[in-house]
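J.: Sequence:
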Amino acid sequence: MTRRYFGTDGIRGESNLFPMTPDIAMRVGIAVGTIFRRGEHRHRVVIGKDTRLSGYMLENALVAGFTAAGLDVFLLGPIPTPAVAMLTRSLRADVGVMISASHNPFADNGIKLFGPDGYKLSDEIETTIEDLLDQDFQAQLAPAHEIGRAKRVEGDIYRYIEFVKRTLPRDVTLHGLRVALDCANGAAYKVAPLALWELGAEVVTIGNEPNGTNINFECGSTHPSALQKKVHETRADIGIALDGDADRVIIVDENGAIIDGDQLMAVIAEFWANDQLLKGDGIVATVMSNLGLERFLGDKGLSLARTKVGDRYVVEHMRRNNFNVGGEQSGHIVLSDFGTTGDGLVAALQILAAVKRTGKTVSEICNRFEPVPQLLRNVRYAGGKPLEDKRVKQAIKDAEAELATSGRLVIRPSGTEPLIRVMAEGDDRSQIERIVNDLVGVIAGAKSAAA
0 MTRRYFGTDG
10 IRGESNLFPM
20 TPDIAMRVGI
30 AVGTIFRRGE
40 HRHRVVIGKD
50 TRLSGYMLEN
60 ALVAGFTAAG
70 LDVFLLGPIP
80 TPAVAMLTRS
90 LRADVGVMIS
100 ASHNPFADNG
110 IKLFGPDGYK
120 LSDEIETTIE
130 DLLDQDFQAQ
140 LAPAHEIGRA
150 KRVEGDIYRY
160 IEFVKRTLPR
170 DVTLHGLRVA
180 LDCANGAAYK
190 VAPLALWELG
200 AEVVTIGNEP
210 NGTNINFECG
220 STHPSALQKK
230 VHETRADIGI
240 ALDGDADRVI
250 IVDENGAIID
260 GDQLMAVIAE
270 FWANDQLLKG
280 DGIVATVMSN
290 LGLERFLGDK
300 GLSLARTKVG
310 DRYVVEHMRR
320 NNFNVGGEQS
330 GHIVLSDFGT
340 TGDGLVAALQ
350 ILAAVKRTGK
360 TVSEICNRFE
370 PVPQLLRNVR
380 YAGGKPLEDK
390 RVKQAIKDAE
400 AELATSGRLV
410 IRPSGTEPLI
420 RVMAEGDDRS
430 QIERIVNDLV
440 GVIAGAKSAA
450 A
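Counting from 0, one number per residue, gives the positions in the sequence shown under numbering that gives the first Met the number 0.
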């Protein structure tokens with residue numbers, strides 16, 4: 000079933016265009032407030048945001064909706080997404096909200112929702128919210144004497160800082176490490192430098208001067224070149240790049256090389272397995288993770304379970320099957336011993352712990368396997384369903400048959416943009432390039448014909 004509002008990670012789009020308008024945000028507040036208004040206790044919601052200019056507009060619209068539904072609102076201000084998940088549970092809130100479009104440019108924004116357990120809402124609950132959004136809410140509004148209150152509680156960011164610090168093993172200190180940190184001019188610009196400094200590191204920070212429009216602009220985990228330069232300039236031991244809402248991380252080693260989420264998961268899985276901390280005899284990742292990671296884990300006697308793209312689906316599989324490590328190649332790393340969603344800062348601390356315990360460099364620690372050649376290309380489309388075209392279906396079938404024993408093919412529509420993502424990987428780079436380019440051509444021709 001096609002959904003009108005929700006994608007793979009909440010509701011997202013360009014600010015002041017459907018569905019990211021004040022009217023929709025207010026209706027989301029009323030709908031979600033209606034669903035989670037259970038029992039006779041005074042209900043509460045916590046709302047965090049990143050540093051986008053449109054965050055003020057959407058925050059106020061959500062406050063209007065939630066208070067109209069009878070919920071009290073705690074406004075956290077700029078704070079990472081995992082902090083919202085943690086504080087939803089810590090403050091015994093009925094629902095948590097993060098206003099963010101993650102790694103997207105500043106013009107976009109989004110609404111991520113968490114239940115009282117700190118986990119992102121299920122597809123079923125999101126469908127229920129969608130059903131409510133287009134209805135008349137008059138009967139759902141709270142009577143005058145039950146309208147909610149709103150207050151700002153900025154001091155609660157220190158609860159999150161203390162939580163993050165406790166995830167570093169007790170026998171480890173960051174003294175002696177020089178850390179270059181890129182906060183993407185986003186939600187972690189306050190908490191991340193302070194947490195690392197309090198743990199003993201010498202911290203050199205960039206991307207920590209948000210102005211409402213520079214979030215993710217030539218910085219952060221999707222644009223790590225600025226961090227690579229800073230690592231070289233300061234001779235840092237490690238570079239840590241977060242994204243706009245700090246739920247993902249990319250590492251830069253002491254030589255300036257980029258370490259992606261697949262390598263980070265390999266490090267954590269191996270070290271946790273050696274310490275008998277790894278649950279499920281493996282990890283959970285998505286269909287986009289490199290085949291090299293799967294082979295590396297197999298050589299260690301560990302498994303790789305794959306899900307569709309989206310850290311929420313990784314988390315769902317982890318919960319159902321008792322895994323405690325999962326994530327995405329993009330840098331969403333979920334460590335369920337500590338939290339309910341991806342946390343870039345907590346994941347980075349696990350890498351730092353491995354570096355300190357072994358006395359080895361980041362490049363020695365984080366290059367656990369040789370990735371197989373992998374190519375991803377996007378095809379933009381304006382409408383229609385190009386993947387249902389007969390020629391496209393046949394081309395995909397032929398490509399899958401060619402890669403049957405030597406690689407993988409993943410073709411999927413983006414959950415946040417009008418794109419078809421075409422990814423192939425295998426041992427023969429020239430073969431992979433040819434297959435991807437041919438498929439992109441067929442899909443582009445199909446969507447042009449449909450137009």
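Check each hint, because a few of them may be wrong.
[To be verified] The calculated lysine-lysine pairs, modelled on DSS-like cross-linking and capped at a C-alpha distance of 30 angstroms, are:
(1) K359 - K389
(2) K164 - K359
(3) K355 - K278
(4) K392 - K307
(5) K392 - K189
(6) K396 - K307
(7) K396 - K384
(8) K228 - K299
(9) K355 - K299
(10) K392 - K228
(11) K164 - K150
Note that these hints are calculated values from the structure, not bench results. Fair warning: this is a prediction, and the values are worked out from it, not measured in the lab.
J.: Flag every earlier hint the structure violates by its number, smallest first.
T.: 1, 5, 8 and 10
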